[in-house]
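Asks: In order, the protein sequences belong to chains A, B and C. The opening position of the first sequence corresponds to residue 362 in the numbering used here, with each subsequent residue numbered one higher. The opening position of the second sequence corresponds to residue 43 in the numbering used here, with each subsequent residue numbered one higher. The opening position of the third sequence corresponds to residue 345 in the numbering used here, with each subsequent residue numbered one higher.
It should be emphasised that the hints constitute simulated quantities derived from the structure, not laboratory data. Computed from a predicted structure; not experimentally measured. A few of these clues could be false.
[What the hints assert, rightly or not] Partner residues are not named here, just some residues of chain C that face chain A (Cβ under 10 Å, in silico):
#1 Trp-352
#2 Ile-357
#3 Ile-361
#4 Glu-363
#5 Ala-364
#6 Gly-365
#7 Asn-366
#8 Leu-381
#9 Asn-389
#10 Trp-394
#11 Gly-428
#12 Phe-446
#13 Phe-457
Where is the CB? At the ideal position from N, CA and C, for every residue including glycine.
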Amino acid sequence: MANIRELALTGERLAPGHRLCPGCGLSIIARAVMRGTKDPIVVSNATGCLEVSTTIYPYTAWNVPWIHNAFENAAATISGAEAAFNVLKRKGKITKEIKFLAFAGDGGTYDIGLQSLSGALERGHNFVYVCLDNEGYMNCLSLDTLIMTEKGLKRITEIKVGEKVYAFNQKNGDLVLKKCSGIFDNGIKKVYELNTLHHSIKATSNHPFLIVNRSRKKKENKLIWKKLEELKKGDEVIVLKKSLDGKSHAFPTIKLSQKGDYKVNKINNIKIPVKSSPELMEFLGLYVGDGWVREHKAETGFALPKNTKGRKRLKEVYKKIFRKELAENDANYMYIYSVNVAKFIDSLGFGKGAKNKIIPDWVFTLPLKEKEAFLNGLMLSDGYKIGESHRYVSASIDLLKTLRLLLQTMNYQVGKIHQQTKKKGTYVVYRELLEDSTYGYICFSKKKGADVDKYLSQTKQRDFLVDNEWFSSEKIMNIKFVKEEPTLDLRVEDEHNFVADGIVVHNTGIQRSSSTPYGAWTNTSQVGKVHQGKEQFRKDLTAVVAGHHIPYVAQASPHNYMDLVRKSEKAFAVKGPAFLNVLSPCVPGWKYPMQMTLKMAKMAVDTCFWPLFEVENDEWKLNFDPGERKKPIIEWLKMQKRFRHLMKPENAHIIEALQANVDKRWVNLKKLCGKE
Amino acid sequence: MVKKRKAFTGAQCTAEAMRQINPDVVAAYPITPQTNIMHAFSQFVADGDVDTEFITVESEHSAMSACVGSSAAGARTMTATSANGLALMWEIVYIAASTRLPIVMNIVNRALSGPINIHCDHSDSMGCRDSGWIQIYSENGEEAYENTIMAMRIAEHTDVLLPVMVCQDGFITSHCVETVELLDDETVKNFIGEYVGHYPLLDVDKPVTYGPLDLFDYYFEHKRQQVDAMQNSVKVIREVFDEFGKITGKHYDFFEGYRLEDAEKVIVCANSSAGTIRVVIDELREQGQKVGLLKMRVFRPWLNDMVVEKLRGVKAVAVLDRSDSFGAFGGPLFSEIRSSFHEETEKPNIIDYIYGLGGRELDIAQIKKVFAELEEVKTNVGERVRYLGVRE
Amino acid sequence: MSGKLKNWKEIPIGGKILEAGNSKEYKTGDWRTFRPLHNPEKCTNCMICWMICPDSAIKVGGVDCPAKGQKGVSDKPNLGNFGGFDLDYCKGCGVCAEECPFKAIEMKEEKEFKD
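When you get a sec, could you build the whole thing from the sequences and use the hints?
Replies: Right, dumping it as structure tokens:
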């Protein structure tokens, strides 16, 4: 058998650019298995993660002939291809040696695909069947969801494990900070948009939301979780009223230019602010609306014409911040010539151009006063008032999205983002457009509270969280299908929920197969008051296949890759059917940090949950016996959040039953392999 | 070309066609009344009369799956089934058509369960009329033989590349002996030629991906291509019919008329009932009744224009449907015929008879009854959907 | 996805994809929040990282790779050497860093890089 470095020169049968989750075991295994032969391979692949993520039309990651037919017939399909090869070879139309390989998940093998596999094995076709066992039918929030974290709003893709996010304490209704214990890529899913009056969130159809379940007896209104697909217009979801009042933000120190630096021969003596203040925030509001930075010219500019309120205010705040007068040199524009001011503004994270400005996270953590000042600055640039309603216009939709969320935390009512295209020359906010533009706008106004003290019982009936400081309920206006998108999800300790886009949402899940371990949580073997996860021990499919008395059967693990390659080589070399059952840890399904995939597989082997063995011509051979160092099953269970409910004292008996089952099967396996 | 006369059942005729075609791969699972085809073919395999790899799969679902694998690999592939076997492979039947694989499958028409019934009706093949397969119906064993051979040419044509279903009545055709005239091996072999696959899997130097995931941005376009293929098949079917007709001396068409020239009352039907109806027509013609038959041979693709053309001037039409679509207005053949006439200003009064379900026999008396009722229908349509032969 | 969507006449029939491995046109590198960094001092070119990368994102340098002559780089022909990370596709899963026996790979936050 070749060593790794020799194998490295054999080319890639599975190209990069596929969309499996980061850290997914399936492609690690597929790549290793396909190194088991130098001959050309024809692959039949059952419906599943591997198939879906590698062949999203018009892209394919396969550098070999490959066919996907349906979920339960990978074995039957490859039988047909192998038979075709035999006859065409006999007729002399094909002279090459070609190998046949079927990939299927545990679903397509243990469950719906079992019949097809059994038939193909019995008929004795010359092929290799690899079961990629990730112990379930594996599947959330779309990637641009914003999550409320301790440090402000962040995109879900930027959240790190361990970071604290805001969650809803279901017992007393408070807003609490909880640690994020995992981030999972759920792949591409159908994403729907749920809209209330002031909030909007995108989620997949099986994503749970916290809603008010009104009962006839008003006192028994309670909160329950319901999936998006079960919600309808009029249901009331729990949403965030406002967030904690923050404190002024201390800016991280940036490297400022000194006199004598490259190309710097003059430095204005300008003191750069170290923390935020209302004046600075107003200044930045003006910048976001009307400003730009050209660092190479040491220029910060504002498009504020003479005699506008904006210009006047700019001068006032500039004086307060920098203790200098700002010169008026141009009828239409104001300039600050300072390389360090330019650097400072650039470092704040507002973005540079008109179309991609955004409100950075730290602004959300500011005190209300500073936020109001920022809003003032914004309104002086691209906003205007119509009666009691304010309207803000911008070419940057990201800016509008973040502004909308910011306004909600300031107790404003905000409508949705409207988009318009206006032709060159039209007047927009008192200025003429220089070219055709697409831009958006939002309308908002201060919320008027209910007179709670006077009418507490009535208002409480209508809005039963009215006296809750952080949360209220809002009726769903509509739920509509958006598109198929990559989705991610978070796992939050203790509360099992978090605040995303202002709406309280739940952690998500995955379905059981006959390969799912005893006690595991899945979406179809939930953990609840009466049942605690899957109640059946998993099927021993490898033994079932061995019962077909085919030339070669083996169990393998991706962590021992050279063993896997060796087994693959043997499988391809035999004449007749060969079967490999390979454990494939799944990041979102088993719920663990993505870099731990191989450690996860190793622990399954070390606990004898997934023994490594071969059956060659009916002779059973054990490949690895941990002996004294066999670890208790709990060592494997505690690495995965799908078993976390088993860590509670009242579920200890489940772990005991699972340990007993693992031990029994291990002892029996050893007997079969001639080891006592 | 040498013709030979044989006394064969429909099953034997079909097996003979398969033997002469000598497909690369056959994957099949037994189900009455298809079994006799496969029994006969198995004997050919055992005797080395064919080069075929015969895969005795463990279910019909696997049968069609293996056919897909084989045809995609680049091998000429055939199979056969009936009723619930077809129902079990339903999922893959659609996949075979959308993957554009030229598989030829014989359907020995049998009723779909429940209750379980092994006798003839058309509920199975009519049930998958939307699947994208070309559907050809056969009146007797000789037609089943001919249609199977022609089907191979039609399916494999580069403008078509669609699978073809050849139907014959279960037991009535498949198990009854008739005298048939078959062609010699050489003629058939030359007629169907060699099969060259379209981007076959086994061409490992040019790896191709079959069966990717289509999102909403491409699925519709792939389906539109199937529509195009069906439209192309009209021309191809006609060419194949004409070419084969020159060999056998017979005339084949999508719809074939019998004594239609001045007919005022016509029955439209498919498969073996056509034979019985011809006997009645001849008798009634003797009595001066202007009656005729329109036999449907090709159901998919459906030709509106030909239907209208052939039934021009007819006053009353009775469509005989050997299957029903519960909740629809009449059976499938009736719906299509009616729809063909929709834009016409002059159209016959068309009524439907659901008959023969579960093998219920259609006899001479019942056909005469139909023609008698059609007399009334000429002026007063009355009940549009009727049930023939059920005990009310 | 790049480019305009094609109409039904412009795509192969039967849903077939005729360009093998064209997923290379879809760069998954922007999925990263962590980027792997290679420490050539500690690396012995064992190529375990290449073996286990789920995304085939470890480049293979041949015998003539620039690192030839360095510790662990063989002058024997037909042996692969570490040839860098393919950042067009690396999703930053960190399995390579976790599994490297010599701790020669470190994962750093993507935002610490300018590009």
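Asks: Look at each hint and say if it fits the structure.
Replies: Evaluation of the provided hints:
Hint on C/Trp-352 is violated. Least Cβ distance to chain A is approximately 13 Å, over the 10 Å limit. The beta carbon of C/Ile-357 is not positioned within 10 Å of any beta carbon in chain A (closest approach about 13 Å), and the interface hint is therefore violated. Satisfaction of the interface hint for C/Ile-361 is found here, the shortest Cβ-Cβ separation to chain A being roughly 4 Å, below the 10 Å cut-off. Hint status for C/Glu-363: holds, given a least beta-carbon distance of 8 Å to chain A, under 10 Å.
Nearest Cβ of chain A to the Cβ of C/Ala-364: about 5 Å, under the 10 Å cut. The hint holds. Checking C/Gly-365 against chain A by beta carbon gives a least distance of about 4 Å; that is within 10 Å, so the hint holds. With a least beta-carbon distance of about 6 Å to chain A, the hint placing C/Asn-366 at the interface is held under the 10 Å criterion. Hint status for C/Leu-381 relative to chain A: violated, with the closest Cβ pair at about 14 Å, above 10 Å.
Given the 10 Å rule on beta carbons, the hint for C/Asn-389 holds: about 7 Å separates it from the nearest Cβ of chain A. With a cut of 10 Å, the hint placing C/Trp-394 at the interface with chain A holds, because the nearest CB-to-CB distance is about 5 Å. With a cut of 10 Å, the hint placing C/Gly-428 at the interface with chain A is violated, because the nearest CB-to-CB distance is about 13 Å. Taking 10 Å as the C-beta cut-off, the interface hint given for C/Phe-446 is violated, the closest approach to chain A being about 14 Å.
This hint is violated: C/Phe-457 has a C-beta 15 Å from the nearest C-beta of chain A, more than the 10 Å allowed.
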